[in-house]
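So the protein lines, in turn, are chains U and Z. One point on numbering: in our numbering, the residue at position 36 of the first sequence is 60, and numbering is uninterrupted. One point on numbering: in our numbering, the residue at position 17 of the second sequence is 352, and numbering is uninterrupted.
Quick caveat, the hints were computed from the structure, so don't treat them as lab data. No experiment lies behind these values; they were computed from the predicted model shown. Hints should not be assumed to be uniformly reliable.
Sample of chain U residues with no beta-carbon within 10 Å of chain Z, all distances over it, derived [as the list claims (entries may be wrong)]: (1) Y60; (2) R67; (3) Q69; (4) Q102; (5) Q123; (6) G129.
In silico lysine to any residue, SDA-like type, Cα no more than 20 Å apart, as pairs [unchecked claim]: (7) Z/K387 to Z/N405; (8) Z/K375 to U/W126; (9) U/K131 to Z/P377; (10) Z/K375 to U/Q66; (11) U/K33 to Z/K375; (12) Z/K376 to U/Q66; (13) Z/K375 to U/S36; (14) U/K46 to Z/K387.
Ideal Cβ placement from N, Cα and C applies to all residues, glycine included.
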Amino acid sequence: AQRVTQPEKLLSVFKGAPVELKCNYSYSGSPELFWYVQYSRQRLQLLLRHISRESIKGFTADLNKGETSFHLKKPFAQEEDSAMYYCAFPKRGLDSNYQLIWGAGTKLIIKP
Amino acid sequence: ETGVTQTPRHLVMGMTNKKSLKCEQHLGHNAMYWYKQSAKKPLELMFVYNFKEQTENNSVPSRFSPECPNSSHLFLHLHTLQPEDSALYLCASSQGGEYETQYFGPGTRLLVL
Chain U
25 AQRVTQPEKL
35 LSVFKGAPVE
45 LKCNYSYSGS
55 PELFWYVQYS
65 RQRLQLLLRH
75 ISRESIKGFT
85 ADLNKGETSF
95 HLKKPFAQEE
105 DSAMYYCAFP
115 KRGLDSNYQL
125 IWGAGTKLII
135 KP
Chain Z
336 ETGVTQTPRH
346 LVMGMTNKKS
356 LKCEQHLGHN
366 AMYWYKQSAK
376 KPLELMFVYN
386 FKEQTENNSV
396 PSRFSPECPN
406 SSHLFLHLHT
416 LQPEDSALYL
426 CASSQGGEYE
436 TQYFGPGTRL
446 LVL
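Just chain U, with the same shape it has in the complex (with noise of 0.2 Å):
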């Protein structure tokens, strides 16, 4: 089954401190996929994306299909990164149309 698994509910660092989201995935194909964040009392919103290859926020994000797994990483985490953290690929629904299949999510604590 296609399944996208974020091992942490919860993780806490320091300010400073290197930061590292898992997520891997079940698929068969080559999947796009994206980090969605929703900081508090802010709606969730895109991150990024494997496609785009691109730095957010200084986050980055790279798909290793060995590992089948695209963790979200940051060198230096600040106290505005503190949020909940998805990760999700696309799944082709019955017309063609597609939806995303959802982590559970990692809640990003940064402590001072």
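We have chain U already, so just place chain Z on it with the hints.
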């Protein structure tokens, strides 16, 4: 207003009430989604609409009834809900393609007493 809007932002209802949640997108998207976000569960996709046609219903109880009168508006009609239905209900829209971003509304915080 731009983006995806949802009303009301907060709703308290009894188990015998009937209420409706409204979502509107101003992005010209053709796909719209209802999600349920609970504190103790992952984000749950409830319904998907593409060009006003419902394409997914992820085993949602019949006390939740969606309606999509046009590509810009999506409703979720609520009837005889249970306390465990208390959650944040999120609406999202996208162009529906594999690489398309989903844009989310702020959500409706629902409390069922």
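Cross-check of the supplied hints:
no. : hint             : in the structure
1   : Y60              : violated, 8 Å
2   : R67              : violated, 5 Å
3   : Q69              : violated, 7 Å
4   : Q102             : holds, 23 Å
5   : Q123             : violated, 5 Å
6   : G129             : violated, 6 Å
7   : Z/K387 to Z/N405 : holds, 6 Å
8   : Z/K375 to U/W126 : holds, 15 Å
9   : U/K131 to Z/P377 : holds, 12 Å
10  : Z/K375 to U/Q66  : holds, 19 Å
11  : U/K33 to Z/K375  : holds, 10 Å
12  : Z/K376 to U/Q66  : holds, 19 Å
13  : Z/K375 to U/S36  : holds, 19 Å
14  : U/K46 to Z/K387  : violated, 36 Å
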